[in-house]
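*Asks:* Protein sequence lines, in the order shown, are assigned to chains A and B. Here the working numbering is used: the first residue of the first sequence is 1, the next is one more, and so on. Here the working numbering is used: the first residue of the second sequence is 1, the next is one more, and so on.
Treat the hints with care, as some may be off.
Unchecked claim - Facing chain B, a subset of chain A residues (Cβ under 7 Å, in silico):
(1) L23
(2) K26
(3) P37
Because the hints were derived from the structure by calculation, they are not lab data. Where a beta carbon is used, it is the ideal one built from N, C-alpha and C, also for glycine.
Here is how the chains run, residue by residue.
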Amino acid sequence: MKKLFLPFLATVFFMSESIFIDLWPKDELYQQYVFVPRFLLIFLIFLTVYVTQTHGMVYGLIFGMLYDIVYTEVLGIYMFSFTLIAYMMAKAMKIFHNHLFITCFLSMMAVSVLEFYVYGIQLLIGKTNMSFHDFYSHRLLPTLVLNVIFIILCSYPLKQWLVKIGRREREE
Amino acid sequence: MPQFFLNKRLILLLVSIIFLVALIGFSLKERTELTWPEQFIKDTTGFVQLIFHKPAQLVAGFFENIQDIKNTYKENKLLKERLDEYVTLEAQLQTLKKENAELRAILKKKESLRDFVPIQATVIGRNPDRWQEIIIVNKGEQNGVKKDMAVITPEGLVGKVQHASQFTSTVQLLSALDQKNRISAYVQGKENVFGLIEGYDEKRKALLLKEIPFDAKIEKKQLVVTSGLGGIFPKGLPIGEVMEVVPDQYGLTKMVYVKPAANLYDIDDVIIVKRKIGETLQEKEEAK
Numbered sequence: 001m002k003k004l005f006l007p008f009l010a011t012v013f014f015m016s017e018s019i020f021i022d023l024w025p026k027d028e029l030y031q032q033y034v035f036v037p038r039f040l041l042i043f044l045i046f047l048t049v050y051v052t053q054t055h056g057m058v059y060g061l062i063f064g065m066l067y068d069i070v071y072t073e074v075l076g077i078y079m080f081s082f083t084l085i086a087y088m089m090a091k092a093m094k095i096f097h098n099h100l101f102i103t104c105f106l107s108m109m110a111v112s113v114l115e116f117y118v119y120g121i122q123l124l125i126g127k128t129n130m131s132f133h134d135f136y137s138h139r140l141l142p143t144l145v146l147n148v149i150f151i152i153l154c155s156y157p158l159k160q161w162l163v164k165i166g167r168r169e170r171e172e
Numbered sequence: 001m002p003q004f005f006l007n008k009r010l011i012l013l014l015v016s017i018i019f020l021v022a023l024i025g026f027s028l029k030e031r032t033e034l035t036w037p038e039q040f041i042k043d044t045t046g047f048v049q050l051i052f053h054k055p056a057q058l059v060a061g062f063f064e065n066i067q068d069i070k071n072t073y074k075e076n077k078l079l080k081e082r083l084d085e086y087v088t089l090e091a092q093l094q095t096l097k098k099e100n101a102e103l104r105a106i107l108k109k110k111e112s113l114r115d116f117v118p119i120q121a122t123v124i125g126r127n128p129d130r131w132q133e134i135i136i137v138n139k140g141e142q143n144g145v146k147k148d149m150a151v152i153t154p155e156g157l158v159g160k161v162q163h164a165s166q167f168t169s170t171v172q173l174l175s176a177l178d179q180k181n182r183i184s185a186y187v188q189g190k191e192n193v194f195g196l197i198e199g200y201d202e203k204r205k206a207l208l209l210k211e212i213p214f215d216a217k218i219e220k221k222q223l224v225v226t227s228g229l230g231g232i233f234p235k236g237l238p239i240g241e242v243m244e245v246v247p248d249q250y251g252l253t254k255m256v257y258v259k260p261a262a263n264l265y266d267i268d269d270v271i272i273v274k275r276k277i278g279e280t281l282q283e284k285e286e287a288k
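Using the sequences plus the hints, can you model the full thing?
*Replies:* Right, dumping it as structure tokens:
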């Protein structure tokens, strides 16, 4: 039962993004700005830092693939980036001191890197013609604001959970 | 150089980049159908989504209801005023319908481009990264949904089916229409003016109706509806009303900004439209 907790948590985060967007009132704010919930990515980063690198990368691969198939219908984009970001994060944590604040800061970096990367690919395959200025002001900044709020609310309980799970994994 | 190739991680990275490019290329190809693993994953997650979504929507619906109750009095007043108008319209509609049916019987023309079978569906998910506005609905091929079918809400057209898997399908909203997807439409007036809906203007929040003859007379507030000539959409689905008419970039034809009738953002329940006339033809062909 306890083994199933981690996949369940990941699924909840995976679903929460879609539900969040669906339930957000479709007001002017929604139509004007694009704020993308990156809860799954933040979860993956915390997973990498507080459980193990392998966990982060495997979950990144699986849920990245799900994300591609279910939501975007362009295969490969998130599968590749989630895994790579989990790997980079594990490398980065070896350099930095392991502290909650550092993890949060790196998560924000990862969210913006992901946004840039997806923007680049969308430009490359010609699915968008958004200018860089529009991208920056209407997409990147609102996204960062939303995810900062999410991190402020959830980082501490998430860390406590994952540290507990990580301890159990290591004991086995 | 040999050292470069010995670095396992670097090679892994390069291989995965190649893999990534191949996958993107594969999925950008014009596909009529999704591969079965994709369909399977979509249906499974669709089921899980449905489980998560229902309670969340109920809670959100409750708060929305409270909001609605606040406005009830105002709305009620307005609606009562409209009611009388509605009754006369309804009576007119009934007689016209009857007359139409009789005339059709005389002509021995049973089928019309307008006839369609509605398939009710609920939105169970939305693309969280909003590069393409895509919604996921809970009806699929098993319910008769096919690629490219029109998707409407009671107000008007909202999009078309992008891909259908067995139990779920994805709907591309009109606001995400790319240049390749065109919808044949016309402006209702004394003389109908035909054109093609091509693309969406993000800034003005309007659809672009192009390829309109330069001498066509179009006024503001005229209705734009589907023409049914495209092959899959039925005739007469409302799209929106004319906002502005401008000459297009070469000056040979006109372009009309169309304000969508339906709210393209706030969508909870949709109706997938299955045209009757093409279907019977297809069945006959298949029977042969």
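*Asks:* Each hint should be assessed against the structure and marked as holding or not.
*Replies:* Now for the hints, and whether the structure bears them out:
Taking 7 Å as the C-beta contact cut-off toward chain B, the hint placing L23 (chain A) at the interface holds, the least distance being around 5 Å. Interface hint at K26 (chain A): satisfied, since its Cβ lies 4 Å from the closest Cβ of chain B, which is below the 7 Å cut-off. Interface hint at P37 (chain A): satisfied, since its Cβ lies 6 Å from the closest Cβ of chain B, which is below the 7 Å cut-off.
Violated hints are absent here; each numbered hint is respected by the structure.
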